[in-house]
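Peer 1: Each chain, letter by letter, is given below.
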Amino acid sequence: MSLSQWVPLVVLFTLATLFALFSVTIAPYIGPRRYNKAKLEAYECGIEPTPTPPGGSRFPVKFYLTAMLFIIFDIEIVFLYPWAVAFDSLGMFGFVEMLLFIVTVFVAYTYVWRRGGLDWD
Amino acid sequence: MNDIQLPAIDYAALLPMLIVFGAACVGILVEAFAPRGWRFVIQVSLTIGGLVAGLVAIIVNRDLEITTIGGAVTVDGPGLFLQGAIIILGIVSLGLIAERRLERGGPFVAEAAHAANSDGDKRQEREPGATEVFPLTLFAIAGMMLFCVSGDLLTMFVALEVFSLPLYLLCGLARRRRLISQEAALKYFLLGAFASAFFLYGVALLYGYAGTVSLTGIREGVLQSEQSGILLAAGLALLAIGLLFKAAAVPFHVWTPDVYQGAPTPVTALMAACTKAAAFGGLLRVFNVAFETTAWDWQPVLATVAILTMVVGSILAVAQTDIKRLLAYSSVANAGYLLVGVVSLNGAVGSSLFYLIAYGFSVLGAFAMVTLVRDSEGEATHLSRWAGLGKGSPLFSALFTFLMLGFAGIPLTSGFTSKFALFSSAWDSDQSVLVIVGVLSSVVLAFPYLKVVVLLWLNPPGEETPTVSVPSMLTRAVIFAGVAVTFVLGVAPSFLLDIVADAGPFLAK
Amino acid sequence: MGLDAFGHDPFWLVIIKILAVFVFLIVSTILMIWFERRVVGRMQHRPGPNRYGPFGLLQSVADALKLALKEDIMPTLADKAVYFIAPIISIMCAFTAWAVIPFGPEVSIFGVRSPLQITDVPVAVLVVLACSGLGVYGIVLGGWASGSTYPLLGALRSAAQVISYEVALGLSIVAVFMLSGSMSTSEIVMSQGENPPIQLSLLGMELNFNVPGWYAILLLPSFIIFMISMVGETNRAPFDLPEAESELVGGFHTEYSSLKFAMFFLAEYINMFTVSAMCVTLFLGGWRAPWPISIWGEANTGWWPILWFLGKVWVFMFVFVWLRGTMPRLRYDQFMRLGWKVLIPLNLVWILVVAGVRVSTQQENGTTKTLVIGGVVLLAGAVILFYPRRKQYVEPATADLGLGGFPVPPLDLKVPPSPRTKKIEATREKASVGTDSKTDTTGEEG
Chain A
1 MSLSQWVPLV
11 VLFTLATLFA
21 LFSVTIAPYI
31 GPRRYNKAKL
41 EAYECGIEPT
51 PTPPGGSRFP
61 VKFYLTAMLF
71 IIFDIEIVFL
81 YPWAVAFDSL
91 GMFGFVEMLL
101 FIVTVFVAYT
111 YVWRRGGLDW
121 D
Chain B
1 MNDIQLPAID
11 YAALLPMLIV
21 FGAACVGILV
31 EAFAPRGWRF
41 VIQVSLTIGG
51 LVAGLVAIIV
61 NRDLEITTIG
71 GAVTVDGPGL
81 FLQGAIIILG
91 IVSLGLIAER
101 RLERGGPFVA
111 EAAHAANSDG
121 DKRQEREPGA
131 TEVFPLTLFA
141 IAGMMLFCVS
151 GDLLTMFVAL
161 EVFSLPLYLL
171 CGLARRRRLI
181 SQEAALKYFL
191 LGAFASAFFL
201 YGVALLYGYA
211 GTVSLTGIRE
221 GVLQSEQSGI
231 LLAAGLALLA
241 IGLLFKAAAV
251 PFHVWTPDVY
261 QGAPTPVTAL
271 MAACTKAAAF
281 GGLLRVFNVA
291 FETTAWDWQP
301 VLATVAILTM
311 VVGSILAVAQ
321 TDIKRLLAYS
331 SVANAGYLLV
341 GVVSLNGAVG
351 SSLFYLIAYG
361 FSVLGAFAMV
371 TLVRDSEGEA
381 THLSRWAGLG
391 KGSPLFSALF
401 TFLMLGFAGI
411 PLTSGFTSKF
421 ALFSSAWDSD
431 QSVLVIVGVL
441 SSVVLAFPYL
451 KVVVLLWLNP
461 PGEETPTVSV
471 PSMLTRAVIF
481 AGVAVTFVLG
491 VAPSFLLDIV
501 ADAGPFLAK
Chain C
1 MGLDAFGHDP
11 FWLVIIKILA
21 VFVFLIVSTI
31 LMIWFERRVV
41 GRMQHRPGPN
51 RYGPFGLLQS
61 VADALKLALK
71 EDIMPTLADK
81 AVYFIAPIIS
91 IMCAFTAWAV
101 IPFGPEVSIF
111 GVRSPLQITD
121 VPVAVLVVLA
131 CSGLGVYGIV
141 LGGWASGSTY
151 PLLGALRSAA
161 QVISYEVALG
171 LSIVAVFMLS
181 GSMSTSEIVM
191 SQGENPPIQL
201 SLLGMELNFN
211 VPGWYAILLL
221 PSFIIFMISM
231 VGETNRAPFD
241 LPEAESELVG
251 GFHTEYSSLK
261 FAMFFLAEYI
271 NMFTVSAMCV
281 TLFLGGWRAP
291 WPISIWGEAN
301 TGWWPILWFL
311 GKVWVFMFVF
321 VWLRGTMPRL
331 RYDQFMRLGW
341 KVLIPLNLVW
351 ILVVAGVRVS
361 TQQENGTTKT
371 LVIGGVVLLA
381 GAVILFYPRR
391 KQYVEPATAD
401 LGLGGFPVPP
411 LDLKVPPSPR
421 TKKIEATREK
431 ASVGTDSKTD
441 TTGEEG
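Residue numbers (UniProt numbering), protein chains in the order written: chain A, 1 to 121; chain B, 1 to 509; chain C, 1 to 446.
It should be emphasised that the hints constitute simulated quantities derived from the structure, not laboratory data.
Bear in mind that the values here come from a model prediction, so they are computed numbers and not experimental data.
Treat the hints with caution; some may be incorrect.
What the hints assert, rightly or not - Listed below are the simulated PhoX-like cross-link pairs for lysine-lysine, each with C-alpha atoms no more than 25 angstroms apart in a straight line:
#	chain 1	residue 1	chain 2	residue 2
1	B	Lys-391	B	Lys-451
2	A	Lys-37	C	Lys-66
3	B	Lys-187	A	Lys-62
4	B	Lys-187	B	Lys-122
5	A	Lys-37	C	Lys-80
6	B	Lys-122	A	Lys-62
7	C	Lys-70	A	Lys-39
8	A	Lys-37	C	Lys-70
9	C	Lys-341	A	Lys-62
10	C	Lys-66	A	Lys-39
11	C	Lys-80	C	Lys-70
12	C	Lys-341	A	Lys-39
Stated by the list, open to error - Among the chain A residues that face chain C by a calculated CB cut under 8 angstroms, a handful are:
#	residue
13	Leu-12
14	Ala-27
15	Ala-67
16	Leu-80
17	Ala-108
Cβ atoms here follow ideal geometry from the backbone N, Cα and C, with glycine treated the same way.
Next comes chain A alone, as it looks inside the complex:
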């Protein structure tokens, strides 16, 4: 295994970045520029824009909750992937261990479910 396998990926990444950078940079120069104050305001279907408090507005705690749950399950996935790849060599031991792990996560999952953490209003 060598790092040379990664070189094309890096090249593609660089080219894509350059492409995007180029497009976004030239956009103001090839388009027309007709100043109009209303254009530069936040678009809210024609009504006066809602003023937002400085530092951004607060949004529902639900989003934070979802983000935290995501992290829990993402960590679970992180553990599942290498286990799955090496499954055949881990055999019965790996199966039982992962069973215990999934059951443990299920305990937390059940708690969140029963407490309404997964309901969206």
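Given chain A's structure and the hints, the job is docking chains B and C onto it.
Peer 2: Structure of chains B and C alone, referenced to chain A:
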């Protein structure tokens, strides 16, 4: 692909931790499925049952000395002793957590996330508190148990997080004075997260130096590594910062007074007794097992930290006007004494363990008594409010006086025997400077304790002296345990000293 | 062919491959936009774009050019730097994922033997997942930096949605890794070429048969879950809540115009191609020829596989369009419930079932075998049995008077005129006609 070595697992050695973790998981299921009215009873019995079962398992294991799960866990004499100490102190502090007579619905709120003084917060004032505190406590205790027996730094980090996260949450659950409680939780969380980051960074550097994260591996690697010594020094320093933060050593102590004051008093008691035991268990293991061979490099630094901790803790304690803050600074100073034990390495392991038990019981008793002094606003923790309590409540004041004298290190209390044992073993390990500073600072530290005693008995009562509430059996049992152990260890310390002597050194192979 | 085949290409070949993929993606996107409009048009009984070029093929090209020549607006309230960077992040991630998508087997390009794939790494599938995960940053930052309400809401919804479905997506491919024993895309495609023999012993009878190696057949539940969550992951109908035009105008890109908007648009369509290509690679045998063609021995060699691969990808693109043409948008709570309460537990149980069956085939001991299979079946049964039923809809006691039970005034309500209207009326001369109904009409206005 097929050369994966499956680690051998000694389930008997892990049994105490598995029991406590399992009980915590069952506790979560109880939260999910049991009807609301039943939860409290089920949780309390489940928690106590789990802890007692864990204790029994530890006693059965008492002679075990083994390294298992591929070196992740090292069960040895001091480790088992610490686990037992944490479980016993945990059972005792559970009496405070489960107390529901002093305050309608217990010392905790149902939902910590309500903004302080908001409508939702007001509404939950009369609701029964969250029963999640019991599984959380179990997780914290299980994490501490793992912390004391982890055989490598990564397991140690996981254990550190497992016991820290529930504590952060518990800190924010106080029923009264919500804002200060939430502030405490946030402060503890932010600083704790920093400390964890330091710890992890240290682990990374040490891995770079020694090529392994196992404690015994580092012990070997330290001698053979060809890497630059800066890696070792920096890694060790960062690791120590992470650990010293949990132990509340100066200059990493700043969270202690605020968190101790803001957290619900039962949780403060849990932190003062169990977290201290776990943090020093970890410190003792790391320094005795992994870094014993490089002791010359770090001993002067740690000695400086110990001196600073003792001096700053005891001097600042003098200036406190709040009983919880006073106990917090006294806990900082006590961390300094324990650090003397860490610096003295193997010579003082036994007396450090003894100290942890003695201090833990005294501090549990003291915080249990703090929960009793109340007025309409909840606990009255300001010292001026305590003036003249001795007139109205002589029994309370007598017991509190006894505990204060114990902290001050008066003979016939555990405070004296534990300090004596610790300092004499440190003296034998040639840490004479530390011992002298320790003795001097404990003289200074005696002053605030005696100030409280004077306040209780000799000052005239103020206009609005709070009342001393009558608690349920649980808190009474805690106070009794605290006072009794303080007394017994002061009069007849030898049986516990024998046990810690039998525990022997840390397993370093 | 394993992972060793990669990383040896001369640099000019790398560049050629990359440019080819670049062109392929942009042309496909343009084609896809035309395709989508035509097909949706057909589904809605209208012709769709048919003016420019044969069958309106050049419509998208014209649109793209027009878009580039539009005014580029930077809103006053926008966070300038972030607003500028967001579309770049989107595009970066969208393109990079294609570095590991296999188009075909090893062929000879200008005398160099090389696989039809830019590169492959041991964790290729993770690279794709990472790209889709990082792509969310483009959306969230774009929406947040616009300094406007609709984009912020769209961005938040989008973040919640993508991370919710990423869990389901990530879990659904665990079973694939288990069977293929690898996370590299080329090896997963290779492993689907074998037809694993299945032995079943039922009541003493030995049944031997070969099943096709496509994981879509072996792991049907995983495949279905992947399909569902890939639609959620790409913000497409019926899961297009972040861009619900009837609720949020355009979602996170409301404030974007000109080429910056085009970047988001392009990234979104490339992401559709990416998930389709991943689905083909993981579950439908990648570039391997489908059944009737695979009888022809040369089907899986040379340049032909590109054709099979593209064919399969375009089937998925048609499914995307089809879904958009037929399905109404889900409500947000329904959508989250599907992700968290259905797909995730289903996934975990399915993983355990697959693991149990696979581990039991390794066992020599018959009793252990039966025990494991029995235990797994019991577990799955228990989960299905105890899966909470949906709450039955209870008919409300009083009749719903419209607007979902909200209090609604009766239809024949007489609205008394407001004091202000009365005052105006009093000062105004009465019109000579229609005075009887006047009170009513002005009353409604007030």
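Peer 1: The structure should be examined with respect to each hint, and the outcome stated for every one.
Peer 2: Tested hints:
no.	hint	result
1	B:Lys-391 - B:Lys-451	holds, 17 angstroms
2	A:Lys-37 - C:Lys-66	holds, 23 angstroms
3	B:Lys-187 - A:Lys-62	holds, 23 angstroms
4	B:Lys-187 - B:Lys-122	holds, 23 angstroms
5	A:Lys-37 - C:Lys-80	holds, 17 angstroms
6	B:Lys-122 - A:Lys-62	holds, 22 angstroms
7	C:Lys-70 - A:Lys-39	holds, 13 angstroms
8	A:Lys-37 - C:Lys-70	holds, 17 angstroms
9	C:Lys-341 - A:Lys-62	holds, 16 angstroms
10	C:Lys-66 - A:Lys-39	holds, 19 angstroms
11	C:Lys-80 - C:Lys-70	holds, 19 angstroms
12	C:Lys-341 - A:Lys-39	violated, 43 angstroms
13	Leu-12	holds, 5 angstroms
14	Ala-27	holds, 4 angstroms
15	Ala-67	holds, 7 angstroms
16	Leu-80	holds, 5 angstroms
17	Ala-108	violated, 12 angstroms
Hints 12 and 17 from the list above are not met by this structure, while the remaining hints are.
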